[in-house]
Amino acid sequence: METDQDLDILARTIYGEARGEYNRKDGGLASLIAIANVVMNRVRQQTWFGKTIGEVCQKPWQFSCWNAGDPNCLIIRQRYIHDPLFLTCLNVAEGVACRDWPDITKRADHYHSVLMKQPKWAVNQEPRMRMGQHLFYQLGR
1 METDQDLDIL ARTIYGEARG EYNRKDGGLA SLIAIANVVM NRVRQQTWFG
51 KTIGEVCQKP WQFSCWNAGD PNCLIIRQRY IHDPLFLTCL NVAEGVACRD
101 WPDITKRADH YHSVLMKQPK WAVNQEPRMR MGQHLFYQLG R
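Residues in the sequence shown are numbered consecutively from 1, following our numbering.
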């Protein structure tokens, strides 16, 4: 059962990780949903990633928007986020967590930006899909 706090953390994670994708032709709403799908796929695995949405999102070094040195961290830690897109992220969080929307990532539990150097964990891995500037992978089972 997701708490209001979990949904807020998920919305902040979506906002911090993908708000720049929202206005891209190859991103849009689906780019926000995809980030939420990765979080929920990790929650369902019940592994070292965490058992709850909050634990998974705030696991150190997993979602860069929560890293202390990341510029997005200051934004998502504000008490109120005065951007209409944040309300969209909250709606996405609720829809994906309640399984109202399908998993469009094909069970992906990892992703990275195509603009960064390929992470070690992605070497020899086949992406499940690309959404905007992110590649999505399924490493867990």
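Calculated from the structure, these hints are not laboratory results. Just so you know, even glycine gets a beta-carbon here, dropped at the ideal spot from N, CA and C. Be careful, since some hints might not be right.
Claimed, not checked - Listed below are the simulated BS3-like cross-link pairs for lysine-lysine, each with C-alpha atoms no more than 27 Å apart in a straight line:
#	residue 1	residue 2
1	Lys59	Lys25
2	Lys25	Lys117
3	Lys106	Lys117
4	Lys51	Lys120
5	Lys51	Lys106
Stated by the list, open to error - Label-pair distances were calculated between CB atoms; the ranges are:
#	residue 1	residue 2	range
6	Gln78	Arg107	20 to 26 Å
7	Cys98	Gly140	18 to 24 Å
8	Gln58	Leu29	20 to 26 Å
9	Glu55	Leu87	37 to 43 Å
Structure-based check of all given hints:
no.: 1; hint: Lys59 with Lys25; result: 31 Å, violated
no.: 2; hint: Lys25 with Lys117; result: 23 Å, holds
no.: 3; hint: Lys106 with Lys117; result: 23 Å, holds
no.: 4; hint: Lys51 with Lys120; result: 25 Å, holds
no.: 5; hint: Lys51 with Lys106; result: 21 Å, holds
no.: 6; hint: Gln78 with Arg107: 20 to 26 Å; result: 32 Å, violated
no.: 7; hint: Cys98 with Gly140: 18 to 24 Å; result: 22 Å, holds
no.: 8; hint: Gln58 with Leu29: 20 to 26 Å; result: 24 Å, holds
no.: 9; hint: Glu55 with Leu87: 37 to 43 Å; result: 24 Å, violated
In summary, the structure is inconsistent with hints 1, 6, 9 from the numbered list given earlier, while agreeing with the others.
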